[in-house]
Structure formats: structure tokens, C-alpha cells
Amino acid sequence: MTSAKAANRLQLTVALGLLLFLQFYVRPRLFDGRYAPDFVMIGLVLLALRSGPGMGAVAGFLVGLASDALSPARFGAAALANTMVGYLAAQTRAFFFADNVLVNAGFLFGAVWLRDLIVLVASGSGDQGLATSLLIDAPLQALTTALAGTVLLVLFGGWFRIRLDQQ
Amino acid sequence: MARVTERWESRRDTWLFAGCMLLSALALLMPASWGMTVASGLRTTALAPFVWLQERAAEGRTSRTRFRAVASERDSLAELSRTLSGLVDENAQLRSLLDLTVRTGPGFIPAEVLHQTLPTDGRTLLLDAGRAEGVSALDPVVTPEGLIGAIREVDQHTSIAMTWAHPEFRVSAVSANGQVAGIVGPTSTGDASRTGLEFRAITYRDTLPDGAVIIASGLGGVYPRGVPVGTVVGVEREQMGWERVYRIRPAAQPSVAGHVLILHGATPLRIPAAFAVKRDTTDSAAAVAPPAAPVVPEAGTAPPMTPADSAARARRRRLRADSVAAAAAAIAPSTPTSPAAPADTSGAAR
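If you read the sequences in order, they're chains D and L. Heads up: the first sequence begins at 1 in this note's numbering, then just goes up one per residue. Heads up: the second sequence begins at 168 in this note's numbering, then just goes up one per residue.
Hint data in this document are derived by calculation from the structure and do not stem from the laboratory. Incorrect hints may have been included.
With beta-carbon atoms standing in for the labels, derived distance ranges [claimed, not checked]:
1) Gly-158(D) / Leu-190(L): 29 to 39 Å
2) Phe-21(D) / Thr-211(L): 15 to 25 Å
3) Arg-179(L) / Phe-156(D): 27 to 37 Å
4) Gly-401(L) / Phe-21(D): 27 to 37 Å
5) Ser-243(L) / Ala-6(D): 55 to 65 Å
A virtual CB, placed ideally from N, CA and C, is assigned to each residue, including glycine.
Bound conformation, chain L alone (with noise of 0.2 Å):
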């Protein structure tokens, strides 16, 4: 009797264990987008809970072991921030020369890391930030010393970021000169704590010392212009001799990064919106009647203008309405018409 009561058990504990094995492996191989969406599900029920523990440890760890550091950080930027005031009303005085509109910033959301005990942590984040405080999927993730990432999955109260070191991140990226632009992409060999970075796409006439700062571009509109992504470290492989592949020590390090910046409303870069020039209601008006005769000038003002000059005038703008909407169009070829838009195709038919 006893002897089929263990056999039993032990069927059960077969069967048991194959039904696990199965289900896990249905799991691996269902479509990620199904796996985010279970994932995002225990996240929000079952596992809510432990998320919400997690976040008040890593609360309590922050305020206190890091609060010196950034106490001594915030008196950093006290102080370089004294200068910094000069600057902008600089820089506001020569974008109004060149009547360009205001640029906006993004602003940004904090964001406590909670790791996981996983080996693959790295390539992922949870955070403790979520819709209800303002995330979007797509928000690039920063930290002081550089770029991190991009968010992947939004909860209401936590989110996915997907580092640099997912086998699927890329960025645009140019160095610090400006001068030489490609792809920065997780090294095809490494595991989530010691991927590096390669610096791609970079024709063999140019090249990079060691050392040089490589930031993101802005190109692709995820990623503003100017996070440091990573330093080259020297030339990874030579393609064919057409390309050469750099390799980038990262900015950043997910793996021991606990607190972070989620970029919000760092919007697709739209060159028209950023060189929007402001409306000019004399423009306006030729736009509506453009001059059929010489216009007659007002005394002390500028010279008569001819209709050779007006022409010339309007087929400059013409230009620069053109130029720019191409670049537009390369640049972001399937984001939708940008509301600066209609006032630039409008500029192009003045």
C-alpha cells in the first residue's frame, strides 16, 4: 500500500514538474509583447505588495546613505548655476536677433532603481515611477554621468527601462566635436553587468582618438542632443575597409545606478518647430497680397523695394521653407505633422 502511495507521488511530482516545464517554456517563446503585458499584470496585482515595499527601502537607502552626496552635488550646481543666468538671458537676446522662437527644454521625473536579483538586471530597470507620475513609454532615462536608456513598459506606479545594455537598444550618437555621427549599440558579445559599447556606422576616413566623448545626437527623437553616452576606448574591428567600429566605455552604469532622471516631454525632434522663425505680420501680409507693383516707401524708411527684390525675397524664403521641410522629412519620415508645420508650409508658399 505504502509502495503505491509513493508511486503516486511520484507520478504526481513527475507530471507536476513537466506541467511547469511547459508552461515556462510556452512563456519563453510567446511573443515578448504577451510577455510584457502578463509581466505588467503581476506587476499591478500579486506582485504590488513587494514592488511597493521595495520602494520604500529604496526610499529609506536614499535619504539616507545619499543624502551628503547630494547635498554636495545640489552646492555644485548652486554654484555653477550663479553663472548660468548670464548665459541664458545671452542666449535669449540672440535667439530674438536671429527671431527664433524660445527653445524648451524637457523636463525631467525621479526615479528610484529597484534591482532585482536576476543576472539579466541590467538590461532592464524597474522603476518606481509610472504613469501616474507622469512616465511615457519612450522617455529616455538618464543619471548625472550619462545616458541609461529609454522606458519600455509604463504601469500606473512603475515602468521598464531598457538600458544600453539590451541587445536591442541603439541610439544615435556624434562626438563631441560634432564632427563624426553613427550608431551606438550594445557589444554583440556581453551579459547584462559587463556589456560595453560599439560606436557603428563610421566611415573609415574618419577617425576618433581615444578618449573622445561620444553624446547623442538628437536624431530619431527619442534621445535629446548632448547625453553623454560613452568614451571611446579604441577601435573594436575594421569592416571591409569601409567602416570602422569603435568601442565605447558607457557614461553610465545600469547595474549600479539606484537613482535616476526619466526625460519627460523631450518630443521628436521637429527641425521646423526647433527653427520656427517668429511670425512677422508685414510677411503676413505679402503672403496674402503679394505686392503686383512697387511699393511705395514711407518717409525715413528703408528704399523702395522692386518686384525683382520682392521675388528674390520670396523665392529665399521659398528655399528655406523647402530646405528645412526636407530635412523634416528625413529626419522623421513617419512622424505624424508636427503642429509647427502648417505655419512653415504656409512660410514656403509666402
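So that you can see chain D by itself, here it is in the shape it has in the complex (with noise of 0.2 Å):
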């Protein structure tokens, strides 16, 4: 059974990897401009998902802390939104069946856009600007996730499938 866990884990940690590999190598070099899929923030989703509330939180800390240093228009916006999407991923799947792939890119599309909405606002965008962002860039890139993330749960669903807090 510690095997298996151990297993498990193991299998976790390689399909993250794996998505940060998507992340910084493949999307830089397959897409250009502001409408690719963002593979970090499908492994937020899916590790929110699988493990709590409060694992989702400060998953999205850091995954938001690495995001502002890599685009420091404002410092700590990222941070902000990504623990919250983390936080509430966690939290809704007691509502849905969050094993089904078409409830996952659901909730992908939403984390996208929510993210957005809350990095927006944070860092300040004028009213204009946010109402154009959030009505025409932010579901365009919620919907490539959405779609990059099904793909994904179809060829690795089962990698994905363990609860991290219930082990």
C-alpha cells in the first residue's frame, strides 16, 4: 500500500513536471501571443482539486509569486489571484465530480478568467481596458486552457486521479 502511495506521488510529481516542461519549452515555441494555454495554471487546478483547500492556497502562492517575478507589472497581483483560484478549486469540488473531464475544463476556463479578473483589477486597469480584457482576451485564453487541459486529462487522466488528502 506505501508503495502504491509512493507510486502515486511519483506519478503526481513526473505530470507536473511535465506540465512545466509545456509551460517555459513547448509554449514558447508552438505559440505566440497572449491566447496560449497556460499549463501552470492546469497543474494548479488539478493539484487543487486532488489535494484541500489549504494545499490549493499555497499552491497558488508560489505559482503566483513565480508569475509576478516573471512579469512584474504589480508585484504580488499574481500572487493574490492564484491563491484564491487555488483556494476556491479546492473548495467547489465538493460540489461537482471533479473526475469528469468536462467539469475539469470547467473549472479550467473559470480559474483562467477569475485570475485575470483579479490580476486586472489588482494591478489596475483603467475600466476600458478591463472590459475589453476580460470579454475578449481572457475567455480566448481561458478556452485554449480549457482545451490543452482536456487533452491532457484524456491521455494522462489517470496520473491525476489520486486525493492527495485522503491518502
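Take the two lone chains and join them into the complex the hints point to.
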């Protein structure tokens, strides 16, 4: 049983590593522009759904801190946004079948949109720009992220199926 | 027992969430310079492997998909440069005739843009060139289309550029014909990907037609003169009948820029240095020992110079040097005296 747990955790670690590789190597090579899927957000949501709200918040904070360091328009905005997204993703799994691929896609879509909303508000975008970004840019990026997440779940779904908080 | 554990876990989750929110809020509220320091520290330590990976990816994409575009641009430039050598010679001759020193232009450092997924990505850009490559703070960043912004933070191998979409961006600009000058900044309402530019501080009597090209004026010492900033697309607003604000379509788009040039060595504008006159031994001698008596000319040379002529010449030189020094002081009041300035000061004394 212990070895099965260790294997599961190893699978999850490899899956998260794969997402980081996709984010920092594959995405810049294949996609140009800001509608590219956000693989780190996929990892954050899937991790939050399979761990707990506390772990989701901590993971979100760390991911946000990294985003702030790489794109420091307003330091702390992404940390705040991703903390909320991680916590809320873990909280809302109680209301949905989190193992369903389409539900996961919906989570991803909502997570990217909510993250963009919080980042833009926290970093002080004007009203007109906020509306444009939230109605055009954010949904498009959320859509590509949800599609990429669905493909990854179909391919590597078993690797994300463990429940970290119940082991 | 299970309920107790569940309650403890729930409380732990709440505390973790509250702690992360508190830390995020602190990060958001702390001074920008502290945030930049923390971000720089993270980029050079924990995130260094990821930045390195993204640099390799950006290089790979450039070499793979942009080779043809770069090759065709190089061919066009080669064709253009055939005619350029004649112009360079002609310019050198003209400067020589006017006794002006050689004007050196800035060098450049090529860099790839490492785009991130945040919606604020267009305001600041992560570039894969840093201190080791010779980048320093306030170096202008341009693309072949026009101005992108300036370097804000420099790490060892990466740097952060503040683009024109950043709320703090400003550039002194002038219309291409040099007749209308003002300040260009981002529109007050807009986000990173949709922000436009405004050409402000234009007096009411000055008008610009749609399509007029706006370039950097070179004043302020950060952006070199002549870099395209954008094109006028209309009047944004008129303030109280004394100022017109024009809407500018930016020449370059930071959110889609993949490859940029960091202009290095674009030193702050120093008018005395730009117009420094070559040293003349005759003038120096005159400065050391002003003629007290009429100069006796040698046979076959210029007519004799009277004391009145010498005084008038000295007065003209003084006036010219004073004007240049005053203009330099007006443009860069806080800039320390340039190495060229003492030469002009001595010129003023002549």
C-alpha cells in the first residue's frame, strides 16, 4: 500500500513536471501571443482539486509569486489571484464530480478568467481595458487552457486521479 | 474522532489560506522597488532553470520560424546599404567642413522576448539579455517597427523592459517634420494588450493631420532621436481650448514582439558634446595669450586682424559657448557635467 502511494505521488510529480516543461519550453516554441494555454494553471487547478483548500492556496501562492517574478507589472497581483483560485478550486470540488473531464475543463476556464479578473483589478487597469480584456482576451485564453487541459486529462488522466488529502 | 480530524484540517486550511492572502496583500502593498528586488532574486535563483528553458525555446522558435523573414530583411538591408556608404562619406565631408566632431551612434544588443501568460505581460517584458551581455538600466528597447520601451531592471542574464503600455511610460516626441513637440504616454484607460498612446502637451494652435508620424525627439536623454513612436489617428480630446491631445497608433506592439534590440550606449543628449568643435591650435594659443596688439600677418596669408576684430571674434565665441551651455543645462539640469563640458567652458573663456 505504501509503495502504491509512493508510485501515485511519483506519477503526480512527473505529471506536474511535464506541465512545467510544456509551459516553459513547448508553449514558447509553438504558440506566439497571449492566447496560448496556461499549463501552470492546469497544474494548479488539478493539484488543488486533488489536494485540499489549504494546499491549493499554498500552491496558488507559490505559482503566483513565480508569475509575478517573471512578469512584474504589479508585484503581488498574481500571487493574490492564484491563491484565491487555488483555494476556491479545492473548495468547489465538493459541489461537482471533479473526476469528470468536462467539469475539469469548466474549472480551468473559470480559473483562468477569475485569475485574469483579479490580476487586472489588482494591477489597476482602467475600466475600458478591463472590459475588453475580460470579454475578449481572458475567455480566449481560458478556452485554449481548457482545451489543453482536456487533452492532457484524456492522455494522462490516471496520473492526476489520486486524492492527496485522503492518503 | 473523524469529525475532530476533519475540523482540524478545515481550520488548518483556513489558516493557510489566510496566511497566503496576507502575504499576497503585503507583496501588493510593499514599495515597488522591494517587489522588484524580490522578483529579481526569484528569477536568478529558484526560477533560473525555467527562464533558461524558456530562453532555449525562444531561440529555437526564432531559428525555426523566423529564418526566412530575417533573411529577406537582411537582403533588403543589404540593398539599402549599397547606397548608404555614399551618404556616410558625404555626411563626414559636411561635418568636416563645419568642423564638427564625429557623431557616434548607439550600439545594440539583440534579445528574445520571453512572454508570460499573465494579462499584464505587455506592460513589462522579460528579455533574455542582461548585465553579462552589456545591458544597463534605461537602455531603450526597439523593434524594426519602432519604440517598445526602456530597460527597467537588469539581472545577470535577463532584464525587465518597461513598455509603452506601462502607466509610468513617457517619451519626449516630435512630429517627423519637427514642427510639433510634446510628450507621448499611454492612454489613461486601457490594459496591457489594448492600450494606445496619447500625444500630449500640444499647444492649441498646432495641428497634426491623421497619419502624421511621431518620432522620439531625443530630449530627456533616454530615447535617441528618430525612433518611430507611432502614427496620429485623430484627436483624443481638447482641454480648455489651450491643449490638444492626439491619439497615436503605436508603431510597435509589445504583446506580439518576439525579437527586440536593446540600444546600448545611447548616452544622454549633451548638446555641447554633439556640437563639439574640433580643437584649433590657433584658437588655443589665442586663449592662452590674447592679442594685445595687432597681429602681423605673414606674407601671402589673410589680412591683418585688428584688436576690434579679435574682440568681436572672441565675443561671438563666448556667445556661442554660452548658448550651448545654457541649452544643455535646460535640457539636462540634473545630469552631471559631461567630459566634453570643460572643453566648452574653456571655449567660453576664449
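A quick look at each hint next to the structure:
{"no.": "1", "hint": "Gly-158(D) / Leu-190(L): 29 to 39 Å", "result": "34 Å, holds"}
{"no.": "2", "hint": "Phe-21(D) / Thr-211(L): 15 to 25 Å", "result": "21 Å, holds"}
{"no.": "3", "hint": "Arg-179(L) / Phe-156(D): 27 to 37 Å", "result": "30 Å, holds"}
{"no.": "4", "hint": "Gly-401(L) / Phe-21(D): 27 to 37 Å", "result": "46 Å, violated"}
{"no.": "5", "hint": "Ser-243(L) / Ala-6(D): 55 to 65 Å", "result": "60 Å, holds"}
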